[in-house]
Amino acid sequence: GQQVMQIPQYQHVQEGEDFTTYCNSSTTLSNIQWYKQRPGGHPVFLIQLVKSGEVKKQKRLTFQFGEAKKNSSLHITATQTTDVGTYFCAGQTGANNLFFGTGTRLTVIP
Amino acid sequence: DVKVTQSSRYLVKRTGEKVFLECVQDMDHENMFWYRQDPGLGLRLIYFSYDVKMKEKGDIPEGYSVSREKKERFSLILESASTNQTSMYLCASSSGGLSYEQYFGPGTRLTVT
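Line by line, the protein sequences are chains L and B. Mapped onto this note's numbering, the consecutive letters of the first sequence carry residue numbers 1 to 110. Mapped onto this note's numbering, the consecutive letters of the second sequence carry residue numbers 1 to 113.
Possibly wrong hints are sitting among the right ones.
Said to hold, decoys possible - Below, computed lysine-lysine pairings styled on BS3-like, alpha-carbon distance capped at 27 Å:
#: 1; chain 1: L; residue 1: Lys36; chain 2: B; residue 2: Lys3
#: 2; chain 1: B; residue 1: Lys57; chain 2: B; residue 2: Lys3
#: 3; chain 1: B; residue 1: Lys53; chain 2: B; residue 2: Lys18
#: 4; chain 1: L; residue 1: Lys36; chain 2: B; residue 2: Lys57
#: 5; chain 1: B; residue 1: Lys57; chain 2: L; residue 2: Lys70
#: 6; chain 1: B; residue 1: Lys3; chain 2: L; residue 2: Lys59
#: 7; chain 1: B; residue 1: Lys55; chain 2: B; residue 2: Lys13
#: 8; chain 1: B; residue 1: Lys70; chain 2: B; residue 2: Lys18
It should be emphasised that the hints constitute simulated quantities derived from the structure, not laboratory data. Being a predicted model, the structure only gives us computed values, none of them experimental.
Chain B extracted, bound-state conformation (with noise of 0.2 Å):
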């Protein structure tokens, strides 16, 4: 079975620090997301990697970035945190691009305070 692991289930830190959130996953897939999902929005793609050192925004970037050093690792960076970016953080993986079944971690709920 796939399995997509998340650094942290839980995440309290302060505006303006900078956190990163790491996800891995054991299946050696190509693609690899980070989603943001709150009540009455869904979830929204952030940013997407397709190779090692490739990424691509998704619908709401600002604020983050990524680094993709390692096929099976994927990390989410906020510079500097702001209270709007308090969320649950999704990462997922796939064997293909955003139309192939993409697999989730567990998540990290994201409290800035």
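Extracted from the complex, chain L is given alone in its bound form (with noise of 0.2 Å):
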């Protein structure tokens, strides 16, 4: 079925150096929503994108929705410890389909 891929799998930073998590898709999306899930805790959403090339920013946190509705990713500057977690996107391709993808493990070092 229709499956929205994450990469990467892992990520490990110091503290201080800039994240990417990147999510593709197959086919298009009608928007795109980004969770964040702390260690041991449950999803919590961050943003959704649904204008083809939108750009949104919460503080160090930049999330972009590429031209062909198909990608996004999500950026984080000068990461802190307090950014760890594991990072998701969810992608939705009709009114009965959302796919999350594997998500991205962040690890950072202090």
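Taking the hints as your guide, dock the two standalone chains into a single complex.
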């Protein structure tokens, strides 16, 4: 079935370095959402992107939706230890179809 | 704040047992969802409900059923638990459909032996 691929699966960075995770879909998405799950916690909604080429920022986090609405990225500038967790994208392809990516687990080394 | 609660954090059941996982939300949300989360596979949608007594199959409904008798409560049922259903089960709710922000519960880690 339809899947949203997410890379990398793991990322270790030194505190202060940047971090990026990417999501790709083989079909056009109507929208894409991003969630963060802290270790031992549950996913928490970060943002939703709907428009082609859309870019949104939340402090050090920058979210992009591709022009073709088939890919998206989350970029964190100057990571902090509070950024630790797994970041998931979730792409919607139809009214009843929402596919989560496999997630990128971010470790920040102090 | 939205609160989504799940009946158990940890559950151990035997193969063949009938298992009920309960989820309750307190924000009068129309939509509720059940996911399972497995390492390397992310979250996969099992079933969702957009109204009382209504249900829709998600990506992996086989081996599961659901019940929504009241707006605030959504139950996931494993008719005959199997070892491959050992997983983390997450419930979520939203004010709209799949394109709306979802609020997740703390999860139930189910082990089937």
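Do the hints match the structure? See the list:
1. Straight-line distance between C-alpha atoms of Lys36 of chain L and Lys3 of chain B comes to about 17 Å, which keeps the hinted pair within the 27 Å bound.
2. A C-alpha spacing of about 24 Å is found between Lys57 of chain B and Lys3 of chain B, which places the hinted pair at or below 27 Å, so the restraint holds.
3. For the hint linking Lys53 of chain B to Lys18 of chain B, the alpha-carbon distance of about 21 Å falls within 27 Å, and the restraint holds.
4. Taken as a hint, the Lys36 of chain L and Lys57 of chain B pair is honoured in the structure, with Cα atoms around 25 Å apart against an allowance of 27 Å.
5. Straight-line distance between C-alpha atoms of Lys57 of chain B and Lys70 of chain L comes to about 24 Å, which keeps the hinted pair within the 27 Å bound.
6. Our distance criterion of 27 Å between C-alpha atoms is met by Lys3 of chain B and Lys59 of chain L, whose separation comes to about 26 Å.
7. Note on Lys55 of chain B and Lys13 of chain B: the hinted pairing holds, with a Cα-Cα distance of about 26 Å set against a maximum of 27 Å.
8. Restraint check: the Cα-Cα separation between Lys70 of chain B and Lys18 of chain B comes to about 21 Å, which is no more than 27 Å; the hinted pair holds.
The earlier numbered hints are all upheld by this structure, with none contradicted.
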